[in-house]
Amino acid sequence: MALSNLITPTLDELTDLAVAFYANLIPEDDVSRMSDQWKRVRSLTMLLRDLHEYLKRVDRDALPDSAVKQALDRWGVILEVLRKGPTVALGANALRVRGNIGASVLTSYTLTHSSKRYQVAEFATIPAAGYVDVDVASIDPGPDALLTVGDTLEFEEAYPGLETSAAIVVDLSGGDDSEQDGPYRERILAILRRPGLGGTEADWIRWGLAVAGVAEIFVYPNRDGLGTTDIAGMHSASGSVRALTTGERTILSVALAARRPVVMVPRVLETVAESAGVQVLLQPMPDQTLRPDWIDPGGITVSAWNATTRVLTLSAARPVSMAPQGRLVVKTAGAEVVTIEALGPGANDIKIATPIPSGWAPAGTEAVYPAGPLTKPTRDALVAWIDSLGPVVGVYGMSWKGALYLQDVSGIVGSIDGVLDSTIQTTAGGAFVTVTPTEYIYPDDGKVGFLVAGMILVRYA
Amino acid sequence: MPGRSRIIDPVTRDYVSDGKGGRVTTTTVATSLYHAIQGKRDRWPGDPEHGCDLWRIARDRLTQDSPQRAENAMRIAVQPFLDEGLIRSFEVRAERDPAHGRLLIETTTVDAQNGPIDISDVVQFRK
Numbered sequence: 007m008a009l010s011n012l013i014t015p016t017l018d019e020l021t022d023l024a025v026a027f028y029a030n031l032i033p034e035d036d037v038s039r040m041s042d043q044w045k046r047v048r049s050l051t052m053l054l055r056d057l058h059e060y061l062k063r064v065d066r067d068a069l070p071d072s073a074v075k076q077a078l079d080r081w082g083v084i085l086e087v088l089r090k091g092p093t094v095a096l097g098a099n100a101l102r103v104r105g106n107i108g109a110s111v112l113t114s115y116t117l118t119h120s121s122k123r124y125q126v127a128e129f130a131t132i133p134a135a136g137y138v139d140v141d142v143a144s145i146d147p148g149p150d151a152l153l154t155v156g157d158t159l160e161f162e163e164a165y166p167g168l169e170t171s172a173a174i175v176v177d178l179s180g181g182d183d184s185e186q187d188g189p190y191r192e193r194i195l196a197i198l199r200r201p202g203l204g205g206t207e208a209d210w211i212r213w214g215l216a217v218a219g220v221a222e223i224f225v226y227p228n229r230d231g232l233g234t235t236d237i238a239g240m241h242s243a244s245g246s247v248r249a250l251t252t253g254e255r256t257i258l259s260v261a262l263a264a265r266r267p268v269v270m271v272p273r274v275l276e277t278v279a280e281s282a283g284v285q286v287l288l289q290p291m292p293d294q295t296l297r298p299d300w301i302d303p304g305g306i307t308v309s310a311w312n313a314t315t316r317v318l319t320l321s322a323a324r325p326v327s328m329a330p331q332g333r334l335v336v337k338t339a340g341a342e343v344v345t346i347e348a349l350g351p352g353a354n355d356i357k358i359a360t361p362i363p364s365g366w367a368p369a370g371t372e373a374v375y376p377a378g379p380l381t382k383p384t385r386d387a388l389v390a391w392i393d394s395l396g397p398v399v400g401v402y403g404m405s406w407k408g409a410l411y412l413q414d415v416s417g418i419v420g421s422i423d424g425v426l427d428s429t430i431q432t433t434a435g436g437a438f439v440t441v442t443p444t445e446y447i448y449p450d451d452g453k454v455g456f457l458v459a460g461m462i463l464v465r466y467a
Numbered sequence: 071m072p073g074r075s076r077i078i079d080p081v082t083r084d085y086v087s088d089g090k091g092g093r094v095t096t097t098t099v100a101t102s103l104y105h106a107i108q109g110k111r112d113r114w115p116g117d118p119e120h121g122c123d124l125w126r127i128a129r130d131r132l133t134q135d136s137p138q139r140a141e142n143a144m145r146i147a148v149q150p151f152l153d154e155g156l157i158r159s160f161e162v163r164a165e166r167d168p169a170h171g172r173l174l175i176e177t178t179t180v181d182a183q184n185g186p187i188d189i190s191d192v193v194q195f196r197k
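So the protein lines, in turn, are chains R and G.
For the first sequence, counting from 1, position 130 maps to 136 in the numbering used here; every step adds exactly one.
For the second sequence, counting from 1, position 63 maps to 133 in the numbering used here; every step adds exactly one.
Calculated directly from the structure, the hints in this document are not laboratory data.
Every value quoted in this text rests on a predicted model; they were computed, and no experiment measured them.
Some hints here could point you the wrong way.
Said to hold, decoys possible - EDC-like mimics (lysine to aspartate or glutamate), calculated; alpha carbons at most 20 Å apart, straight line: (1) R/K382 x R/D414; (2) R/K45 x G/D84; (3) R/K45 x G/E154; (4) R/K45 x G/D123.
Isolated chain R, as found in the complex (with noise of 0.2 Å):
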């Protein structure tokens, strides 16, 4: 942001400044620091600071560089750049619902939790495990709407085969709260230095990202053909919830078409989440406190898992340095890492910590694989990563990565403390290739695809 160049003087300079003067008009009087006179010369430089605060305040304020609040909220009006209102929490198979097996969840079903109201934003059906996790989103926008895992709502009706609550199993994102200065003020700067020329990328970004709860935009010249533009909105989350939904990129549209140039026609994408996996193989420094939480013997797998008990049974007798709080990860769905809680009830179980991860049911079979403090942060890091690539780039997409390319999960793997190498491999073991989202052609070119993280699988070599 740039600052002001105006210097105000400060009290004492201005009390000096003051003083200076009365001692030359009448020399008589006693002007020392303590005095009546001084006292009286103070108060009234007390104002003139506060007139030069509040010079300072219209100095600020009188450009959009340096503007704050109401001042910066004139700008906004004065270009027509308005400041976003608050945004929606969001979570994908985020809400753990109970009930019968076979019982609907419908996205008509809404919940609250302290006086804040959610919906269910995806269709699901119990199966046979006697609950499904599905995406959630709050009615009520703001962050006081995000939830974190432990979190419990209740449905706002009895909903058939269903039980009265549902739990938090992945926090909440988005939730944000109005546009902030910062962001703001770049929106309106932006305005000022790249001015509309009638439909470049940059006018396009503008006008989607004027619009509450779109975080991203991608823009695709001449797609549709000719003088057309495509354009992908996405929001600020993590994974299938980055898509917009169905009203969303109508809200988008609708506001596009009222910016665009009169010969150009945008079409707003559908974004369609597509599962990334990878496999990684870490080799820590060598740091007796990088090592895996215990060592594995090779060859355990999954026998079973029980997900009222928690309890997984291997496929083998526990290796015996396995212990409570120590970590693993499976080769399933997600893979994410997840906690010993306790060894038994048998020789070859143990009890899985809270909370469990969303939709993480190993079945028999799948590789199990210690693990230990390199692991999550480097998950976490390429989850991240895959969060922030934009949709397919394909033929007609510009200046964004849409694809998990080879070099950047060991530019990301590499540069997380601890890591002495690492081998990257698909999630079968084989020699990584790039993981690119689908291009959809005519007639489906109306949507594109994006990755989101599948199975990341980060063990020690």
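Given chain R's structure and the hints, the job is docking chain G onto it.
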């Protein structure tokens, strides 16, 4: 050498008229000391360290330790005048007057240029 200041009457808290349309003035530090003692310490943004804590003491009940607190507060308020050499000495003695709910304060102050001056005060307490 301090210049001229208008005298403030501690009872009326106003300047004293000289009967000719002007004000009575003094070359002693009496007016400055008046401000130092009557001013509320920590309450004037122009100089938070200026003033005296007597106003805080007067807000409380008149207790056994009120005289001691008042004497300490006045010494702190007057110390800058000693440090600057504007007064040569300052002595204070406070005494409870429970019958009237007040504290009687007697001071002996010697102005560096003009000799002894009197800034004794009466602090009224809550009953």
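Violations among the numbered hints: none
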